[in-house]
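Could you build the full structure based on these sequences and the hints that come with them?
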Amino acid sequence: MISLRGVSLVYPNGTRALYDVDLEIEKGSFVFLVGHSGTGKSSLLKLLYREELPSSGQVVVDDIRVDTLRRGRVPKLRRNIGVVFQDFKLLSHKTVWENVAFALQVTGTRTKDVMRMVPRSLDLVGLSHKARVFPSELSGGEQQRAAIARALVGNPKILLCDEPTGNLDPSNTTEIMELLQRINIKGTTVVVATHNQAVVDRMRRRVVRLEHGRILHDDERGYYFRGLGQTALLPG
Amino acid sequence: MDWGRLRFFLGEVFTNFTRNAGMQFTAIGTVAVTIVLLGAFLFVRDTIATFGNGVLSQIEIAVYLKDDVDDAKARGLAATFAADPRIASATYVPRRDGLKRMKDVLGSDFDTSLLTANPLPNAYHVRVKDPDLVPAVARSIDRDPRVAKTDYAADTVQKLLKAATILGRAGVALIALLSISAAIVIANTIRLTVFARRREIAIMQLVGATNMYIRLPFIAEGMLAGLLGAALAIGVLTLAAYEVVPKLASTLAFVTFHVNTLTLCFELLAVGAAVGLIASWFSVGRHLRA
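Here the protein sequences line up with chains A and B, keeping their order.
First residue of the first sequence: 1, per the numbering used here; consecutive thereafter.
First residue of the second sequence: 237, per the numbering used here; consecutive thereafter.
Hints were generated in silico from the structure; no laboratory data involved.
For every residue, glycine included, the Cβ atom is placed at its ideal position computed from N, Cα and C.
A couple of the hints might just be wrong.
Said to hold, decoys possible - Among the chain B residues that face chain A by a calculated CB cut under 10 Å, a handful are:
#	residue
1	F244
2	F245
3	T251
4	A438
Claimed, not checked - Pairwise CB distance ranges (calculated):
#	chain 1	residue 1	chain 2	residue 2	range
5	B	T262	A	G140	28 to 34 Å
6	B	R522	A	F134	19 to 25 Å
7	A	L69	B	A409	41 to 47 Å
8	B	L524	A	F134	38 to 44 Å
9	B	A438	A	F134	18 to 24 Å
10	B	A409	A	D87	48 to 54 Å
11	A	G140	B	A438	36 to 42 Å
12	A	S56	B	A409	34 to 40 Å
13	B	R243	A	D62	31 to 37 Å
14	B	M448	A	H195	46 to 52 Å
15	A	D62	B	A409	52 to 58 Å
16	A	D87	B	L524	21 to 27 Å
In structure tokens, the structure reads:
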């Protein structure tokens, strides 16, 4: 589903975000990208939805060569990828319903389909009763659920989450992680970039750890830190 | 037709438009001023053209025939003139009529008693359909063996034609400059709207909206500003046409107003819409590439 081969990313200002990264993610899997800030987690996600282009190497997402994709084809790629951020990125002057519908409307979906797809997505995240409410009247967890509803409303095959719980308290964090797990069980490939150790250690999913732009370790059913023997790598 | 989609689109345009109301008024005002000046220029040019054509159409070529060309031979020339498509009319003036005309024009200043014979040749007064062609027609008449000399107000014709050309060019340059400034104001307005909506645009790009789709509301907005500006200008021009021009006409006889009003309105609206379209197209395009 997702494949990176020898991928490096150097920003125009000379910052090296990723070095020679190889990564394969199977369809329907759930993967944590961990590491502290500035290790290239967000950069890696940006390569997948072509917000950034690799300086070298190959990026393939859902059989599409992203690194050589023509600009005109980018919208089609992104309709297959849902993206969720730490700051939710909801439009404050639109209601929850309108925010979710917006993703469909701007991609030219027929009104008939919008009316069918928006309630289904709101129902999935448990926000049907808040459809007519503005984001400012929602809790952080609810706002993130609205953002997830928007990311999923077009039935993407992949959901990318960049620090989805970074702004949430522990109980909302648990709620969001359970929601992401339910979404994954329904068949969506989920990639979560996070530095929340508690979440990662509780879920016991595949953990890819980045350090200074390189993959440090990649474990099935892993922990945030690989065993006690690796404590030497602890920051600070 | 999917009314829901149309309603969503129009809603987006309306929200855009009202968000920057102040700047929009500036843009609309600039377009209106440009188009009022365009309208005023068209009016002045039209008036001068009408006046000039009136003068030019009265210019006659005086064709003086050789002394040995008698009445019968001279009348033969009428067929030659009739065959020339450029010639509107040709009036034969025999020498005795010519003398009589001279007396009529000059009156008592002209004492014919001193003349022993009629000094005037037989002549034709030729009118040309297109004033531009006067010199050419005169030259071709000159080549006829029966013709001694042709004469016309060469200087006047040439000067008028030159003035009309220069005025036309200056007007085009002026209108071009004004249109560019109007376009720049609209482009700046759209850039502000784009900036105000950068979150929406980022989300649209994230969920896979095409650049064309992102562009469309802004372009509609630019065209709307252009159209409203043009409509305002048409209002001002109409007022001018019915209030100011009749007063001018009463003092300056040559001022007339005979523009095809409906066509002109459509043309001015089209100019406004085009300026708005071009301005917003480039303004949004720059943002989308960034």
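Right, here's what the structure says about each hint:
1. F244: 5 Å, holds
2. F245: 9 Å, holds
3. T251: At 8 Å from the nearest chain A Cβ, B/T251 passes the 10 Å test, so the hint holds.
4. A438: 7 Å, holds
5. B/T262 with A/G140: 28 to 34 Å: Because 40 Å falls outside the window, the suggested range is violated.
6. B/R522 with A/F134: 19 to 25 Å: For B/R522 and A/F134 the Cβ distance comes to about 32 Å; the hint is violated.
7. A/L69 with B/A409: 41 to 47 Å: 46 Å, holds
8. B/L524 with A/F134: 38 to 44 Å: 28 Å, violated
9. B/A438 with A/F134: 18 to 24 Å: Holds, since B/A438 and A/F134 (Cβ atoms, about 19 Å apart) stay within the stated range.
10. B/A409 with A/D87: 48 to 54 Å: Because 51 Å falls inside the window, the suggested range holds.
11. A/G140 with B/A438: 36 to 42 Å: 20 Å, violated
12. A/S56 with B/A409: 34 to 40 Å: At roughly 52 Å between Cβ atoms, B/A409 and A/S56 fall outside 34 to 40 Å, so the hint is violated.
13. B/R243 with A/D62: 31 to 37 Å: 33 Å, holds
14. B/M448 with A/H195: 46 to 52 Å: 39 Å, violated
15. A/D62 with B/A409: 52 to 58 Å: Because 56 Å falls inside the window, the suggested range holds.
16. A/D87 with B/L524: 21 to 27 Å: 23 Å, holds
Checked against the numbered hints above, the structure violates hints 5, 6, 8, 11, 12 and 14; every other hint is satisfied.
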